[in-house]
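2 protein chains.
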Amino acid sequence: MSYPNWLSQRAHLSGSRMALSYGGQQWTFAEINDIAADYAGRLTSLGISSETRVAVLAKSHPESVFVMYACLHIGCEMVMLNERLSATELEYQLQDSKAAYLLVDEELQGKLDSSNKISFSEIQNASPSNFKPEEEWPEDRTISIMYTSGTTGYPKGVRQTAGNHFSSAVSSALNIGIAPGDVWLCVMPLFHISGFSILMRSLIYGMGVQLHPKFDPKICAHELSAGTVTHMSVVAVTLERVLSELETAALHVSANFKAMLAGGGPVPISYMERAEKYGISVLQTYGMTETSSQTTTLQPADAKRKIGSSGKPLFLYQIKIAENAAPGEKAEILIRGPQVTPGYIGKFAERDVQEEGWFHTGDIGYLDEEGFLFVVDRRSDLIVSGGENIYPAEIEKVLLGHPAVREAGVCGMPDEQWGEVPAAFVVLHEEAAMEDLKAFLKSHIAGYKIPKVIRTVDSLPRNASNKVLRRELKSWL
Amino acid sequence: MSYPNWLSQRAHLSGSRMALSYGGQQWTFAEINDIAADYAGRLTSLGISSETRVAVLAKSHPESVFVMYACLHIGCEMVMLNERLSATELEYQLQDSKAAYLLVDEELQGKLDSSNKISFSEIQNASPSNFKPEEEWPEDRTISIMYTSGTTGYPKGVRQTAGNHFSSAVSSALNIGIAPGDVWLCVMPLFHISGFSILMRSLIYGMGVQLHPKFDPKICAHELSAGTVTHMSVVAVTLERVLSELETAALHVSANFKAMLAGGGPVPISYMERAEKYGISVLQTYGMTETSSQTTTLQPADAKRKIGSSGKPLFLYQIKIAENAAPGEKAEILIRGPQVTPGYIGKFAERDVQEEGWFHTGDIGYLDEEGFLFVVDRRSDLIVSGGENIYPAEIEKVLLGHPAVREAGVCGMPDEQWGEVPAAFVVLHEEAAMEDLKAFLKSHIAGYKIPKVIRTVDSLPRNASNKVLRRELKSWL
Numbered sequence: 001m002s003y004p005n006w007l008s009q010r011a012h013l014s015g016s017r018m019a020l021s022y023g024g025q026q027w028t029f030a031e032i033n034d035i036a037a038d039y040a041g042r043l044t045s046l047g048i049s050s051e052t053r054v055a056v057l058a059k060s061h062p063e064s065v066f067v068m069y070a071c072l073h074i075g076c077e078m079v080m081l082n083e084r085l086s087a088t089e090l091e092y093q094l095q096d097s098k099a100a101y102l103l104v105d106e107e108l109q110g111k112l113d114s115s116n117k118i119s120f121s122e123i124q125n126a127s128p129s130n131f132k133p134e135e136e137w138p139e140d141r142t143i144s145i146m147y148t149s150g151t152t153g154y155p156k157g158v159r160q161t162a163g164n165h166f167s168s169a170v171s172s173a174l175n176i177g178i179a180p181g182d183v184w185l186c187v188m189p190l191f192h193i194s195g196f197s198i199l200m201r202s203l204i205y206g207m208g209v210q211l212h213p214k215f216d217p218k219i220c221a222h223e224l225s226a227g228t229v230t231h232m233s234v235v236a237v238t239l240e241r242v243l244s245e246l247e248t249a250a251l252h253v254s255a256n257f258k259a260m261l262a263g264g265g266p267v268p269i270s271y272m273e274r275a276e277k278y279g280i281s282v283l284q285t286y287g288m289t290e291t292s293s294q295t296t297t298l299q300p301a302d303a304k305r306k307i308g309s310s311g312k313p314l315f316l317y318q319i320k321i322a323e324n325a326a327p328g329e330k331a332e333i334l335i336r337g338p339q340v341t342p343g344y345i346g347k348f349a350e351r352d353v354q355e356e357g358w359f360h361t362g363d364i365g366y367l368d369e370e371g372f373l374f375v376v377d378r379r380s381d382l383i384v385s386g387g388e389n390i391y392p393a394e395i396e397k398v399l400l401g402h403p404a405v406r407e408a409g410v411c412g413m414p415d416e417q418w419g420e421v422p423a424a425f426v427v428l429h430e431e432a433a434m435e436d437l438k439a440f441l442k443s444h445i446a447g448y449k450i451p452k453v454i455r456t457v458d459s460l461p462r463n464a465s466n467k468v469l470r471r472e473l474k475s476w477l
Numbered sequence: 001m002s003y004p005n006w007l008s009q010r011a012h013l014s015g016s017r018m019a020l021s022y023g024g025q026q027w028t029f030a031e032i033n034d035i036a037a038d039y040a041g042r043l044t045s046l047g048i049s050s051e052t053r054v055a056v057l058a059k060s061h062p063e064s065v066f067v068m069y070a071c072l073h074i075g076c077e078m079v080m081l082n083e084r085l086s087a088t089e090l091e092y093q094l095q096d097s098k099a100a101y102l103l104v105d106e107e108l109q110g111k112l113d114s115s116n117k118i119s120f121s122e123i124q125n126a127s128p129s130n131f132k133p134e135e136e137w138p139e140d141r142t143i144s145i146m147y148t149s150g151t152t153g154y155p156k157g158v159r160q161t162a163g164n165h166f167s168s169a170v171s172s173a174l175n176i177g178i179a180p181g182d183v184w185l186c187v188m189p190l191f192h193i194s195g196f197s198i199l200m201r202s203l204i205y206g207m208g209v210q211l212h213p214k215f216d217p218k219i220c221a222h223e224l225s226a227g228t229v230t231h232m233s234v235v236a237v238t239l240e241r242v243l244s245e246l247e248t249a250a251l252h253v254s255a256n257f258k259a260m261l262a263g264g265g266p267v268p269i270s271y272m273e274r275a276e277k278y279g280i281s282v283l284q285t286y287g288m289t290e291t292s293s294q295t296t297t298l299q300p301a302d303a304k305r306k307i308g309s310s311g312k313p314l315f316l317y318q319i320k321i322a323e324n325a326a327p328g329e330k331a332e333i334l335i336r337g338p339q340v341t342p343g344y345i346g347k348f349a350e351r352d353v354q355e356e357g358w359f360h361t362g363d364i365g366y367l368d369e370e371g372f373l374f375v376v377d378r379r380s381d382l383i384v385s386g387g388e389n390i391y392p393a394e395i396e397k398v399l400l401g402h403p404a405v406r407e408a409g410v411c412g413m414p415d416e417q418w419g420e421v422p423a424a425f426v427v428l429h430e431e432a433a434m435e436d437l438k439a440f441l442k443s444h445i446a447g448y449k450i451p452k453v454i455r456t457v458d459s460l461p462r463n464a465s466n467k468v469l470r471r472e473l474k475s476w477l
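Chains as they are written, first to last, in full-length UniProt numbering: chain Y, 1 to 477; chain Z, 1 to 477.
Bear in mind the hints are in silico, worked out from the structure with no lab data behind them. Certain hints may be false.
It does not matter which identical chain is used: a pair holds within one copy or between any two.
Unchecked claim - Calculated pairs, EDC-like style, for lysine to aspartate or glutamate (alpha carbon to alpha carbon, straight line, at most 20 Å): (1) Lys320 x Glu136; (2) Lys132 x Glu370; (3) Lys304 x Asp436; (4) Lys320 x Glu134; (5) Lys132 x Glu369; (6) Lys320 x Glu135; (7) Lys59 x Asp415; (8) Lys474 x Asp458.
Computed from a predicted model, the values in this text were never measured in an experiment.
With these hints in hand, go ahead and build the complete structure from the sequences.
What follows is the structure, encoded as structure tokens:
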């Protein structure tokens with residue numbers, strides 16, 4: 001099975017419709033397709049072909065979208081780099097993915113040294129070559145690769161195919177509906193599936209994206225009020241800040257606004273109630289990089305009677321609890337459907353992601369009598385902080401690299417603003433200043449991963465096989 | 001690739017939503033799923049399994065929907081019989097399809113003798129067996145089989161798979177949008193793809209179907225006015241009658257109403273203008289049984305500047321003119337996409353329906369500079385009469401079976417009400433009364449296929465290879 005080239009087809013079918021807006025500027029589907037084809041020609045003359053794997057390090061602005069759409073036209077795989085990561089982390093992903101080129105935003109040039117760096121202005125200045133887009137895209141073509149960590153502390157590069165993105169977009173449409181005039185407000189990073197999936201939906205639905213360089217609650221509240229957007233993706237913390245702004249500025253939300261998708265952990269019921277006062281329909285979702293974003297969704301109508309639930313699967317998907325657990329019984333959450341990644345690249349390329357067609361999430365949960373999913377424990381003690389996933393193992397590994405540290409254990413700590421933040425417990429060989437440890441961490445990992453609290457202890461709680469009991473650590477906080 | 005069972009999944013996800021309404025009664029998705037599972041149990045005890053092929057001869061009422069949904073649950077293939085056909089025509093389809101059972105509506109019992117007839121009341125009275133629906137449906141599973149005629153005069157049984165129906169529903173949604181509260185008014189026969197596809201969309205979208213036993217312009221106009229429905233499928237003649245009723249009764253169309261899909265040939269521009277006055281968005285479509293209904297659609301915004309066009313393909317589909325004709329150049333219309341049937345059954349089971357992935361429609365058309373499709377000549381001189389397809393070859397074959405007829409030629413004749421009606425020209429061996437010929441036809445073919453005019457002539461226009469020139473006949477009218 002293959003698709004008509006999404007960019008060309010949208011330009012053909014909805015050429016005059018708004019595809020992207022940013023600040024005061026707008027581009028139609030015909031315009032954005034032409035720009036993407038032009039950029040594709042320039043990238044081709046720089047040596048990039050459908051056989052190339054590139055890494056993209058970019059901020060949220062139109063130039064980045066043009067480059068990504070050019071890569072779609074060419075058919076090259078894009079490794080989406082998170083600009084918040086440290087140079088060490090980014091280098092790992094470049095090496096693991098063997099990306100032949102790094103396409104980098106001018107503003108982020110300084111983040112990384114790489115011999116095969118191509119800046120966005122170099123793309124613009126390259127000579128255009130005669131580029132003819134592919135008429136069709138195979139369903140199993142890898143479009144994007146996103147790194148996500150896990151138990152080992154080594155991030156894994158997750159493939160997301162055209163079929164994954166398509167079925168994710170279609171399943172979402174079958175759940176919340178679509179209409180030709182829809183516009184999605186995008187303040188989520190484009191290198192995350194939450195942001196990138198908005199671009200994919202735009203092409204598949206023929207829907208406009210209103211892109212913002214970063215999350216600004218004032219601007220978002222204004223857009224909801226002005227009726228210029230119909231959808232928005234949020235995490236609990238950004239939802240709260242938009243609500244606060246609506247309340248402070250005494251704004252109303254336009255009837256044009258249809259729904260918010262809330263990912264990255266449960267939304268407190270008090271936020272749901274505040275949203276309800278503004279007539280905002282908030283759909284809590286559960287999903288991950290390996291499932292191209294949302295897999296289950298909780299309808300607003302069920303939010304109050306199913307507090308803490310992540311809802312039910314989208315139409316094309318299935319959820320079950322390992323070993324066919326009875327209702328209420330907790331075990332690993334398994335997912336099945338066309339949105340599940342075919343696998344990883346690099347170090348984990350050989351790992352099977354599915355067992356008999358089911359993806360094992362590593363998360364623990366249960367289904368209630370009505371089939372609503374409740375996630376009770378995130379995989380590998382995952383910490384979800386303002387929508388970003390943080391794996392304790394990754395921070396522990398860095399801490400153990402410091403000469404003064406003998407043992408390290410990291411767990412999540414409740415935080416009013418971010419939902420959770422990391423906290424660390426260390427057993428030291430020799431004395432070390434906490435500031436020194438933090439500076440060391442800073443040179444290795446992204447700022448948002450640095451523990452808010454680092455405590456020195458005499459020993460860590462461990463189980464029989466000597467593994468750190470991270471849940472036990474939580475009770476020490 | 002496979003789908004979660006559409007019936008079970010809809011009951012699970014949208015169980016309390018209205019699935020079907022008829023007269024004063026309504027059924028939710030949970031209810032209709034339970035009824036279908038119950039019927040499936042009874043059909044199972046009557047000997048029907050996923051390996052069985054059944055024929056269904058039914059009128060448009062809830063009982064028929066229950067039986068069809070029961071067949072979906074069981075996984076048996078359904079040959080959808082057209083109740084307007086003659087006994088001879090129906091018998092051909094039963095024989096060709098080798099349907100093991102004929103599931104027949106009480107009201108239509110008299111139409112056919114068949115040893116393996118099971119009436120709907122026999123299903124209801126059968127003992128229920130313990131039936132467990134399949135959790136998944138393979139994408140390539142054949143759901144429905146519909147007979148369509150062609151050049152040879154022998155109707156061909158067209159397979160429509162789960163994947164065909166799914167991609168058709170999704171492509172339509174990506175074109176006109178969907179919303180959770182949508183309700184489709186169904187006055188099209190369920191044995192045609194135009195009606196059956198409404199049921200498929202209902203399950204895939206979680207959308208309500210308001211079913212009517214037959215087309216009644218007064219009732220339709222009333223529903224459009226009352227705001228109880230959001231969509232409706234029409235052909236030119238039914239659109240005109242609804243418009244007349246709206247005009248006569250001085251009704252307004254509710255703002256709830258979103259769109260009409262108009263199939264079965266072009267809609268006169270005067271109808272489009274009348275519809276526009278009521279704010280009715282009419283989307284003209286081009287499609288066929290082999291493509292599970294609509295393949296191209298003309299947006300209302302383009303209707304006036306592209307009079308006579310069938311529009312552009314839906315998102316997942318591609319259209320081209322044979323041998324890559326230049327814009328404006330006429331040749332055979334080729335179609336590509338996941339909605340195209342994998343093939344025929346019975347007599348034509350071996351026929352390849354695709355050449356290098358393209359389905360050859362037999363219709364002649366061209367694309368203009370902007371890529372809009374214009375159908376200029378229907379396949380095999382097809383006559384489209386009030387949305388029903390009539391093949392001249394089929395009528396000619398019957399006429400030639402009459403002892404007085406030596407030669408016969410049939411063509412379409414313009415008709416104000418039906419768009420076109422068949423007209424016949426015959427060369428006789430011996431004298432015969434026209435009434436006699438009509439009575440003979442009546443015993444062999446459906447009433448709507450009987451020529452409105454039969455003229456006796458001395459000879460028929462033929463080409464070098466002695467084929468009747470049906471287009472020449474048109475000029476004789």
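With identical chains, the pair Lys132 and Glu370 could be close in the same copy or across copies; at 20 Å between alpha carbons, which is it: within, between, both, or neither?
between (52 Å within a copy, 19 Å between copies)
Regarding Lys59 and Asp415, is the shortest C-alpha distance of 20 Å or less found within a copy, between copies, in both, or in neither?
neither (27 Å within a copy, 62 Å between copies)
Within, between, both or neither: how does the pair Lys132, Glu369 come out at a Cα-Cα threshold of 20 Å?
between (54 Å within a copy, 19 Å between copies)
From the Cα coordinates, with 20 Å as the cut-off, is the pair Lys320 and Glu136 best called within, between, both, or neither?
between (35 Å within a copy, 14 Å between copies)
20 Å Cα cut-off: does Lys474 pair with Asp458 within a copy, between copies, both or neither?
For Lys474 and Asp458, the Cα distance is within 20 Å only inside one copy (16 Å; across copies 100 Å).
With identical chains, the pair Lys320 and Glu135 could be close in the same copy or across copies; at 20 Å between alpha carbons, which is it: within, between, both, or neither?
between (38 Å within a copy, 12 Å between copies)
Tell me, please, which holds for Lys304 and Asp436 at an alpha-carbon limit of 20 Å: within, between, both or neither?
Neither way: Lys304 and Asp436 sit 46 Å apart in one copy and 73 Å across, limit 20 Å.
I want to check one pair: Lys320 and Glu134. Are their C-alpha atoms no more than 20 Å apart within a copy, between two copies, both, or neither?
between (39 Å within a copy, 16 Å between copies)
The structure fails to meet hints 3, 7 from the earlier list, while all remaining hints are met.
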